[in-house]
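As they're listed, the protein sequences go chains U and F.
For the first sequence, my numbering gives the first residue as 1127, with consecutive numbering after it.
For the second sequence, my numbering gives the first residue as 9, with consecutive numbering after it.
Keep in mind that the hints were calculated from the coordinates and are not lab data.
Mixed in with the good hints there might be a few duds.
Unchecked claim - Restraint ranges, calculated between C-beta atoms of paired labels, are given here: (1) U/G1159 <-> F/P42: 29 to 35 Å; (2) F/L23 <-> U/M1274: 43 to 49 Å; (3) U/S1261 <-> F/R215: 36 to 42 Å; (4) F/R215 <-> U/R1252: 47 to 53 Å; (5) F/L209 <-> U/S1280: 23 to 29 Å; (6) F/S116 <-> U/G1328: 55 to 61 Å.
Unchecked claim - Not close to chain F: a few residues of chain U, all C-beta gaps over 12 Å, as computed: (7) T1130; (8) S1186; (9) S1189; (10) R1211; (11) A1215; (12) A1217; (13) E1242; (14) S1339; (15) D1346.
Ideal placement from N, C-alpha and C gives every residue a C-beta, glycine not left out.
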Amino acid sequence: MAETVPAIAVRGVCKDFGGFEVLRDIDLDIAPGTTTCILGPSGSGKSTLLRCLNWLDAPSAGSIRIDGEPIGRIGTDKAARPMDRRALAAARTRIGMVFQHFALWPHLTVLGNVTEAPVHVLGRPRREAEAEGRSILARVGLAEKADMYPHTLSGGQKQRVAISRALAMRPRVILFDEPTSALDPEMVGEVLGVIRELAREGLTMVIVTHEMSFARDVADTIVFMEGGCIREVATPHDFFTAPRTDRAKGFILRGSSTPEPPLKKA
Amino acid sequence: MNGFQVVWENRDVFLWGAGNTVSLVLGCLLLSLPLGVLAAVVLTEAAAPLRRLLAELVDLLRCVPFLLLAYVVYYGLPELGLRLDSWWAGLVSLTVYTTAYLAEIFRSAFRAVAKDNIEAAQAFGLSRSLLYRRIILPQVAITAAPMIGNQIITTIRDSALLMIITVQELTFAANFVSANHFTPFAPFAAAVGLYLLLSFLVEAGVRRMERVRMVRYG
């Protein structure tokens, strides 16, 4: 472990929004080839941490390295200066992202969404990018949707397109921001199935999720957050059977990040 | 002689006038569409002093009656050493005026593009220029088409005022024929018909974009 460079190294990351501390002094290493699930109650800072990893939210302090390369800020804390836009954009091409609400580009076809960044940002030949895009779409079961527009797809299909769009960049790591939270229950399975498959293939992934059983099943590492801090980092087995903190215990007992109103399902 | 016969016999005058109206409007669009986009980008992106200055200028232009602007360009500028013949003065005033309105249309259309769409583009490493060229403008071209169409029709109507600074456009032609033949109704009615025709063409373009929108956005 000591010799491998972490896929993501987070050091001392803080984030405040107008005086409100959302993240406090976060340190975290993501080992290459692993799947990490970030769990925690709503408002614990999980999504903000994820969005800091590719600098969509700029941390107020601290540093992030992707494969050893800094993103967002260059230099040590005192002499740190922001990266210029071009360098930041280049750094981001190594990080795929899947959003809660898909964020597909509505004016492009499914294939257009998948090839947009490979062709225009990475400069891959269109023909090659399209062939690869079609094969990725086939892998997620959407080969026949390649030439449709996103609005014709179901939520589950849209999210699989969004995953394909991230894969097409051949990123070093893919970030998932609550990928199933906007889906109807019957579509959650198809999206989790695809992510599970990617985990098996050894892709490096960081997943913010509320799906506890999925996290238990697919993660190599569970990161439990609460109140803007990381409270536990553990294997799923240890986390779910022997949580070290009371907060994690309570969280697991509730079985969900958001306490459901009582009697909702009665 | 019947008024419509007069119009028919002077059809070359009408065609000349209509040709000038069309060339002025097309020339104006060729310039003001890209300028409007550029102005909207500045209004969206630029640092406060430049942005505010442009916003004030756009507001000012939208408050000025078009005819007054045409007067300033045609009669006023020569005093400052810039003499334009009437067609060019017409093109300049029409372009400046239309650009101000288009800048506002584009600016609000930019804001209407879904924020997560833009965020996704940033997350995938698209540069600012790619973001506008590949993500924002193609969406805006479709969603703002009805407003742009309205503006084009307004520009066509405004171009009629250019007869006052002696541009030989369609209204000028109708006025010329009616004055020379003492038959006001038919020449002006013919001009109205031609303006309608131009507006229908614009409307057809807008409907076409609307169909594209239906296919892509449902």
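Hint-by-hint comparison with the structure:
1. Judged by the Cβ atoms, the range 29 to 35 Å given for U/G1159 and F/P42 is violated: they are separated by roughly 49 Å.
2. At roughly 47 Å, the beta-carbon separation of F/L23 and U/M1274 lies within the given 43 to 49 Å, and the hint holds.
3. In this structure the hint that U/S1261 and F/R215 lie 36 to 42 Å apart at CB holds, the actual value being about 39 Å.
4. One distance hint, 47 to 53 Å for the beta-carbon pair F/R215 and U/R1252, is violated here, with the actual separation near 31 Å.
5. Take F/L209 and U/S1280: their Cβ atoms lie about 40 Å apart, and the range 23 to 29 Å is violated.
6. As the Cβ distance of F/S116 to U/G1328 is approximately 47 Å, the hint placing it in 55 to 61 Å is violated.
7. A cut-off of 12 Å between C-beta atoms confirms that U/T1130 is not in contact with chain F; the least separation is 25 Å.
8. No Cβ of chain F approaches the Cβ of U/S1186 within 12 Å, the least distance being about 19 Å, so the stated non-interface status holds.
9. Separation of U/S1189 from chain F is adequate, the least Cβ-Cβ distance of about 19 Å exceeding the 12 Å criterion.
10. Look at U/R1211: its CB is around 7 Å from the nearest CB on chain F, not clear of 12 Å, so calling it non-interface is violated.
11. Under the 12 Å C-beta cut-off, the non-interface status given to U/A1215 relative to chain F is violated; the minimum distance is some 4 Å.
12. At the 12 Å boundary, the C-beta of U/A1217 falls inside the reach of chain F, the nearest C-beta of that chain being 8 Å off.
13. Consistency note on U/E1242: stated as away from chain F, yet its beta-carbon is not over 12 Å from all of that chain's, at 7 Å minimum.
14. With a least CB separation of 28 Å from chain F, U/S1339 remains clear of the 12 Å interface cut-off, as annotated.
15. The claim that U/D1346 lies off the interface holds: its Cβ sits roughly 24 Å from the closest Cβ of chain F, which is beyond the 12 Å cut-off.
When held up to the earlier numbered hints, the structure conflicts with 1, 4, 5, 6, 10, 11, 12, 13 and fits the remainder.
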